[in-house]
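Residues per chain, in single letters:
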Amino acid sequence: MILGLSFPQLIELILKVLIFPGLAFPLLFAMIVIWFERKFLARIMLRIGPLHVGPINRTGLFQPIADFLKLIQKEIIVPDNANKFLYNIAPIIAALVASLSVAFIPYALKPDGSYWVIYYTPLSLLVILAIFTARPFIMVAAGWASNSKYCTIGAIRAALQLLAYEVPIALSLASIVIMSGTFDLAKIVEAQSSIWFIIFQPIGFIVILIAMMAELSRRPFDIPFAEQEVVFGWPTEYTGAQFALIMVSEYFDLCAVTSLITVLFLGGWSGPAIPLLNDISPILSGIFWFLLKMAILTVIIIMGRGIYPRLRIDQLLDAGWSVLIPLAITQIIITLLTAQWWLPLVGGV
Amino acid sequence: MILDIIRPFFLGFYHAFKRTFTVKHPFVRLTPTERYRGRVVLNIDRCISCRSCVNICPNKALEMVKFEKKLIPQYDAGRCCLCNLCVEVCPAIALSMSYEVEFSEYARKGFIHTPDRFSQTPKPIAEKTVTVKILDKKRGVAHR
Numbered sequence: 001m002i003l004g005l006s007f008p009q010l011i012e013l014i015l016k017v018l019i020f021p022g023l024a025f026p027l028l029f030a031m032i033v034i035w036f037e038r039k040f041l042a043r044i045m046l047r048i049g050p051l052h053v054g055p056i057n058r059t060g061l062f063q064p065i066a067d068f069l070k071l072i073q074k075e076i077i078v079p080d081n082a083n084k085f086l087y088n089i090a091p092i093i094a095a096l097v098a099s100l101s102v103a104f105i106p107y108a109l110k111p112d113g114s115y116w117v118i119y120y121t122p123l124s125l126l127v128i129l130a131i132f133t134a135r136p137f138i139m140v141a142a143g144w145a146s147n148s149k150y151c152t153i154g155a156i157r158a159a160l161q162l163l164a165y166e167v168p169i170a171l172s173l174a175s176i177v178i179m180s181g182t183f184d185l186a187k188i189v190e191a192q193s194s195i196w197f198i199i200f201q202p203i204g205f206i207v208i209l210i211a212m213m214a215e216l217s218r219r220p221f222d223i224p225f226a227e228q229e230v231v232f233g234w235p236t237e238y239t240g241a242q243f244a245l246i247m248v249s250e251y252f253d254l255c256a257v258t259s260l261i262t263v264l265f266l267g268g269w270s271g272p273a274i275p276l277l278n279d280i281s282p283i284l285s286g287i288f289w290f291l292l293k294m295a296i297l298t299v300i301i302i303m304g305r306g307i308y309p310r311l312r313i314d315q316l317l318d319a320g321w322s323v324l325i326p327l328a329i330t331q332i333i334i335t336l337l338t339a340q341w342w343l344p345l346v347g348g349v
Numbered sequence: 350m351i352l353d354i355i356r357p358f359f360l361g362f363y364h365a366f367k368r369t370f371t372v373k374h375p376f377v378r379l380t381p382t383e384r385y386r387g388r389v390v391l392n393i394d395r396c397i398s399c400r401s402c403v404n405i406c407p408n409k410a411l412e413m414v415k416f417e418k419k420l421i422p423q424y425d426a427g428r429c430c431l432c433n434l435c436v437e438v439c440p441a442i443a444l445s446m447s448y449e450v451e452f453s454e455y456a457r458k459g460f461i462h463t464p465d466r467f468s469q470t471p472k473p474i475a476e477k478t479v480t481v482k483i484l485d486k487k488r489g490v491a492h493r
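Those protein sequence lines, which keep their order, are chains Z and E.
Residue 1 is where the first sequence starts when you use the numbering used here, and the numbers rise one by one after that.
Residue 350 is where the second sequence starts when you use the numbering used here, and the numbers rise one by one after that.
No lab work stands behind these hints, which were simulated from the structure alone.
The structure displayed is predicted, hence computed values, not measured ones.
Ideal Cβ positions, reconstructed from N, Cα and C, are used throughout, including at glycine.
Honestly, I wouldn't trust all of these hints.
As the list claims (entries may be wrong) - Lysine-lysine pairs mimicking BS3-like chemistry, simulated, CA-CA at most 27 Å apart:
hint, chain 1, residue 1, chain 2, residue 2
1, Z, Lys70, E, Lys373
2, E, Lys472, E, Lys373
3, E, Lys472, Z, Lys39
Unchecked claim - Per the computed footprint, the stretches of chain Z lying under chain E, defined by three or more beta-carbons under 8 Å from a beta-carbon of chain E, are:
hint, region
4, 271 to 284
5, 302 to 315
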């Protein structure tokens, strides 16, 4: 008995924290997604992309690792007039906060009826919403601490962008909560055992997808980064390992967001059992479906960078307040009006 | 408006599975076109030492030096902007443009082409070459 856990429970906890939803998974996700993003965007632009690094010839599979190794060798430069403490601590907090949210997302159902999640809480949806809201404050802190015009402008843009996406996210989560009657992500997945919520709430899905793309600052909404205008936005002054941490935290966030949308709208781990994986463990089958849904969402989110031009900040705010919020409210009204039809179909609540 | 938002997705996927236009340069090269402007090459036998090229060069890349009892221009590739003026002005048609463009050297001295080096024609491109026309034919799209 260690920490009040029996030996198998301890092994399971270590497995969770270090390998699957814990440490290794977001890092691996970041590596694969960075590689895929470079390769896929290159193909959209009729280029080839990274070629030479890695085991399989002509794929450049290890290019993100090579980039990361190069970045951590570089000198860390702190600007003279920067607020040194805040400047140095911001990338670490960014990476920590970004990787924190995977701890609350259930990834599979275990045979004994509990969930494959690092920390189970019945209010996990609220916790994750709070974690997502914390990110712009780190951006603003880092941008202000850098004491450079590009960083400050980027940080202010990030803060303005928060106004556009935060309310639509909350409103479309509200219609999910109305439908499932709980803030517990695992219970939300169980409520989708018969029909996924994307069937009931297509408008809510589109609203949350767009708002989350703005939250992640992906291409049509990459206003805080806007290379042509503000060099690289709020992380402009960062170099070396700190820059690597910031880049990795972006992809941790992408991991958390795609996981969250999968849980909320695409039925999480639910799906037909895969014969070969199911024989080893039914958990693996659930994880397979979860990762497949995550992958599809990731492709959609990444694709924006290859196909859309960037919006202006006023266009984004306009779209957020005059399109997304009315759509989200419409979704709530539709959900409430059609309660008599969906109520028998939502299982487990 | 909704169609305008969705259509790029299909276009993106359509393009992602097309053939790429990239020419992997050090391994495969584009065949130089007929009027390609690379390094200037001198034909010493034709040169009449008239200094026209030295006078017209905007970057002072050419300089007269003594070579085998004759004044011959010496060429500094680091200064040359490949403007073609010396070739146009040469009355004896002793100068011409070649396809050589890779000038990198470890020291600035390495850029200076003394008359005997200046008069050497660059090595023919030994590697595999691809012409733009073949590329177009393969991809089915013309460069615009």
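Now the hints, each set against the structure:
| no. | hint | result |
| --- | --- | --- |
| 1 | Z:Lys70 with E:Lys373 | holds (24 Å) |
| 2 | E:Lys472 with E:Lys373 | holds (20 Å) |
| 3 | E:Lys472 with Z:Lys39 | violated (35 Å) |
| 4 | 271 to 284 | violated (count 0) |
| 5 | 302 to 315 | holds (count 4) |
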